[in-house]
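Residue numbers (the numbering used here): 1 to 474.
Treat the hints as calculated values from the structure; they're not laboratory data.
One thing to keep in mind: the hints can contain errors.
[Said to hold, decoys possible] Straight-line distance between alpha carbons at most 30 Å, and here's what the computed DSSO-like set of lysine-lysine pairs gives:
| no. | residue 1 | residue 2 |
| --- | --- | --- |
| 1 | K248 | K217 |
| 2 | K34 | K166 |
| 3 | K251 | K217 |
[Unchecked claim] Computed Cβ-Cβ distance ranges for the label pairs, DEER-style:
| no. | residue 1 | residue 2 | range |
| --- | --- | --- | --- |
| 4 | P449 | A28 | 21 to 31 Å |
| 5 | T93 | T218 | 36 to 46 Å |
| 6 | R26 | Q121 | 26 to 36 Å |
| 7 | A77 | D207 | 31 to 41 Å |
| 8 | N347 | S62 | 15 to 25 Å |
| 9 | S200 | V80 | 20 to 30 Å |
| 10 | H30 | G95 | 30 to 40 Å |
Please read these numbers as outputs of a predicted model, since none were measured by experiment.
Every residue, glycine too, gets a C-beta built ideally from N, C-alpha and C.
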Amino acid sequence: MDGISLSFTLPLRDSALGTTPLTHQRPALHLLKKDACHVATAVPQMLSAIVGSVWRQRTSLSWRENREILIYVLVSAIEVQLLVLILPLWLFTPGIVCVPWVCLHVMLIWLLLRRLNGTEQVFTSATGAPSTEEAETEEDFFWIVIGGIDVTHERIRRTTLPNLAKLFGRDMHAVLPYRLGLPFEIILLYIRRNIQFSTSTSTILYDLIRVNLLRQKTSGVRVLVHNTGALDMALVLSRLYADLPGTKILKKLEVFTFGAASAEMTAPPEIAAQDDNLEGNRRRNLWYPNVTHFAFENDPFPGIGVYLGIRQRLEGRFIGSLFSMGRSDIRPRRWTLDDYIDTLFPNGDPRAGILGQTCKINREASEMRELAALVQSVNDVQLRMRKGSKRLSWTALGAVANKALDGGRSRDDHLAGAFSLDEVRRRGKALQGMRGFENNTLAAAVRGPHRLLPDGDGNSREYHGRDYSGLTLK
């Protein structure tokens, strides 16, 4: 499909519990300082992606969408002018000139934002399809769509949500963020990546998810998250675990992100120990929520989010599996929610899109995550804090051998980490030759003429039990 390739990274298992959230490792000021270069580097790419997206859609935009884009551009331009000139004016002009100028700009921004955010933040798009006997017997999932940075919310209301409702055969409940103008939204993104705090979006989202997780007649909750919406989802996920039993979240909550821009996505694991015959030790099984990430290589938002968290910041805990699409040098940049859905399910067919390809299993990244977690658990210290010390072996055998460092007090933890690494390697080999739609929860949720069958015609692998990642493995 247009030369776009598909690769798959297995989710973090970390049976040795070596990873910890980044926000628990360093003070907020240190995290902000370290993250500044990543966000600053991505800003030109974000601007390029946004401008390119508007240019490609120019012929299909409605009058309302054009008006919304015009207001968004205008408020963004005023914000840039305010940010650039406020310091020189404050330093070199009298207060009688500077203060009215600042007040005028603030008033203009406030009025434009009122106009820009005049519609409801939460709304529902019904399927519009007649109820059938087959639909009534299926599991009843509650679907939520979380928006992020986008040039127009009107297009999401008019096109994206109805298309999603038709694709999955369920009503879509959308939660769109309050728009601030691109400069302020990027600043807010930078701050929230390193300092967690609630917003109106996260508060509404938490209430929606919690109520439906506790509702007995609801089979589960499926959440579709776009770029900066992952910040709200990450916050909500951590707070749900403080409020609800972990088993209920594991069984009923499924999260799918598209271009996640969050620096991490953490959750405390559910631990289930089972007897293992190897040396009479107990083997620890850890189960994380079903989280699946989809990301274009040339999308600037996952470049500072899910890709950074899974491939570079190995000391953190970024849960979930990753479907990586394309190469970073492919133009034009694809980043909107429509781009993701059209690439994954062209004309509503999971086989016809990129998911019909054979996945390249990124075993290197999958194993490096487990190795980093294992080494950290052995050393009882984070990788980022090790300065000038001799690095221990990056093999499972070498890591376990170093259990003598603590007198064998954490022998079970070290063995659990080695088992975790071995299991990731085994599953990476077992998944060789897997096509993207096989054992894919989101692809299996597609309804209509292109619906996947449970291995009835060889189009999907048989289900043999649920993996901790939402994958179904033999």
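The hints, checked one at a time:
1. K248 / K217: At roughly 14 Å apart (the allowed maximum being 30 Å), K217 and K248 satisfy the hint.
2. K34 / K166: violated, 43 Å
3. K251 / K217: holds, 14 Å
4. P449 / A28: 21 to 31 Å: violated, 51 Å
5. T93 / T218: 36 to 46 Å: violated, 59 Å
6. R26 / Q121: 26 to 36 Å: Holds: the Cβ-Cβ distance is about 33 Å, inside 26 to 36 Å.
7. A77 / D207: 31 to 41 Å: For D207 against A77, whose Cβ atoms are near 35 Å apart, the range 31 to 41 Å holds.
8. N347 / S62: 15 to 25 Å: holds, 22 Å
9. S200 / V80: 20 to 30 Å: holds, 25 Å
10. H30 / G95: 30 to 40 Å: At roughly 36 Å between Cβ atoms, G95 and H30 fall inside 30 to 40 Å, so the hint holds.
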